[in-house]
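Taken in order, these protein sequences are the chains called A and B. Start counting the first sequence at 1; every next residue gets the next number (this note's numbering). Start counting the second sequence at 1; every next residue gets the next number (this note's numbering).
In case anyone wonders, no lab produced these hints; they're calculated from the structure. Treat the hints with caution; some may be incorrect.
Unchecked claim - The list that follows gives simulated cross-link-like pairs (lysine to any residue, SDA-like), each with its CA atoms no further than 25 Å apart:
hint	chain 1	residue 1	chain 2	residue 2
1	B	Lys213	B	Gly237
2	B	Lys274	B	Thr202
3	A	Lys173	B	Pro227
4	A	Lys173	B	Ala19
5	A	Lys173	B	Asp87
6	A	Lys173	B	Val17
7	A	Lys173	B	Lys274
8	A	Lys173	B	Thr90
9	A	Lys173	B	Lys213
10	A	Lys173	B	Thr241
11	A	Lys173	B	Leu158
12	B	Lys204	B	Glu60
13	A	Lys173	B	Glu93
14	A	Lys173	B	Thr83
15	B	Lys127	A	Arg170
16	A	Lys173	B	Thr156
17	A	Lys173	B	Ile89
Unchecked claim - Selected chain A positions facing chain B (Cβ under 8 Å, derived; list incomplete):
hint	residue
18	Gly163
19	Phe176
20	Thr183
21	Ser187
Note that the Cβ used here is the ideal one computed from N, Cα and C, for glycine as well.
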Amino acid sequence: MLKRIYAVFQARNREFLRDRASLSWNLILPLVLMFGLSFAFSNDRDAYTVGILQDEAEIDTSEHAFLETNYIRFVPYDDIEVALRKVERHQLDLLVEFGEATRYWINAESPKGYFAEIALLHSGSSAAEAIDKQQITGAAVSYADWLLPGILGMNMMFSCLFGVGYVVVRYRKNGFLKRLRATPLTSFEFITAQVASRMVLILLITSFIYTGTHLILGTRMEGSYFTLFLVAIVGAISLISLGLVVSARVTSEELAGGLLNMINWPMMLLSGVWFSLEGAPDAVTAAANLFPLTHVLNSARAVMLDGATLADVAPSLLALSVMSMIFLAIGARVFRWGQY
Amino acid sequence: MTIALEARNLRKQYPGVLAVAGVSFAVSEGTCFGLLGPNGAGKTTTVEIIEGVASASSGEVYYYGEIAGRRFRQEAGIQFQNTALQDFITVRETIEMFRTLYERQADFDEIVEQCSLGDLLDRDNRKLSGGQRQRLLLAVALVNRPRLIFLDEPTTGLDPQARRNFWDLVQSIRAGGATILLTTHYMDEAQVLCDEIAIMDTGKIIAQGSPEKLLQQQYDGLIIELPITDLTSDLEGIEHTVLDNLGIVEVQTTDVSASLQQLEAHVSNLNQIKIRQPNLEDLFLDLTGHSLRA
């Protein structure tokens, strides 16, 4: 029995090791993730986030002793409207403006704001320092409100990429594609059918999850459902097209899985599924903007949390449409029915 | 007779291997043409080029005198050697799906009856036996009432009973007027089903004609077969072939009684001797120097 096990074990090892492409991804992916994440979240020890209202893009820590406090991340804002909204939503614990008199805005309902305020008041260079407290209120955007678009987007991404990308590769490998090739079906028809099928399924599933969550958890919905639905459609098309690019030529399921993961994981981590990328280095933000999921999530959150209109999310929808066109053009160009 | 299909000088070069080295043949309408050869002879590649699912390095395929194209796709029915069908899909759904892809459509009930799939219609593709699966794949090849049918090793892996049933099925399809291109490495299958055969080896056709004609050309008389273990001395002076892997010696003869007399001196007993007609298996062996099933 052990002999047989060993024979099969060895054959499997060989198969895997000789599939250089899959092997490479198995090595490269963890490295890329490791370096990428440590770069993106190198300052994740900060416990509090405080906005500093100023015109300059850089914060000068010598300006006030508070700015030297450990474990507080200071983020500059030049637009008070934007910053106040964040305080309202508990995304900023405190907003401070240093000047002749120090002013700060605090959300009375925010526990973290309470402690950030204590830190601020105890850091004054002199007790006589004039300080002006502005109190605002506003319920926190609960993590559920914030996470829901992320989860829906992630689910959509997996479903689109694997449901199209991986399946087409499997069809190619087991000869089902070849069988279809021998019929009058064209590659365009085949691809359209795949996209449409996944599109309908993912929209149904996403609507179902959204409705359930919305009804049970009472998640926030500030904008229009039509706009949100449009974001979902345009987003799904772009993610499916991306899946098609991966599946257009690949004949090994292992390679397809590796490639899909290489796309999935960075998107899942950098597109803001689980946590906001606010304050991440510019390079990371720029990279994240190349991912369709980033635009899907930003738009969905804007609609759901901030009541953004169609016009507000139009740039993201445009970006998604352009990506879809590029992906589809590449996919159609390199598509292959058979293994050779 | 009308030529339904013609392959002209097909070549397929894979890196380092010339899989098909200039193959030409024509198939008359309403006949069954067999492409025979051992594994790796280039049969499947040749057929896939003709079917349009593989590209040729050079050469052309004509369907009723035109370069095979749109009309060919509509009118040809293809059964591949290995085709995975979709999981979780039933036999009925599979036939319906493929039927929908064609302009010409066969009657659903007719195909189901022809391929004896009536009891299996609601079964998941994954739960079919080998023979049932082959019948479904044949049904899929028939969904467009094809004028030309490709069967690529359709009975490989089937038990003898299922094979015979499959032959009956193929014969009934042929009786309906369709042209058939069959590849196989079973000589008995070719002998039963084909009007004309082409034997392929290492990418080339090495003999072509009707089975009877090919056998007549090559053989004159009968074959005497006896076990090697029954030999008591070398068969000196008698022309013979030793088939080591089968443990037998063959002697070709036009005069059986004379040959038997000659053999008697070299054989311990005559109980195991067989006298038979030469078949395509012998022909293949003589033409290529190796056995078909090796």
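Exercise. If you check each hint against the structure, which ones fail?
Worked result: 1, 2, 3, 7, 9, 10, 18, 21
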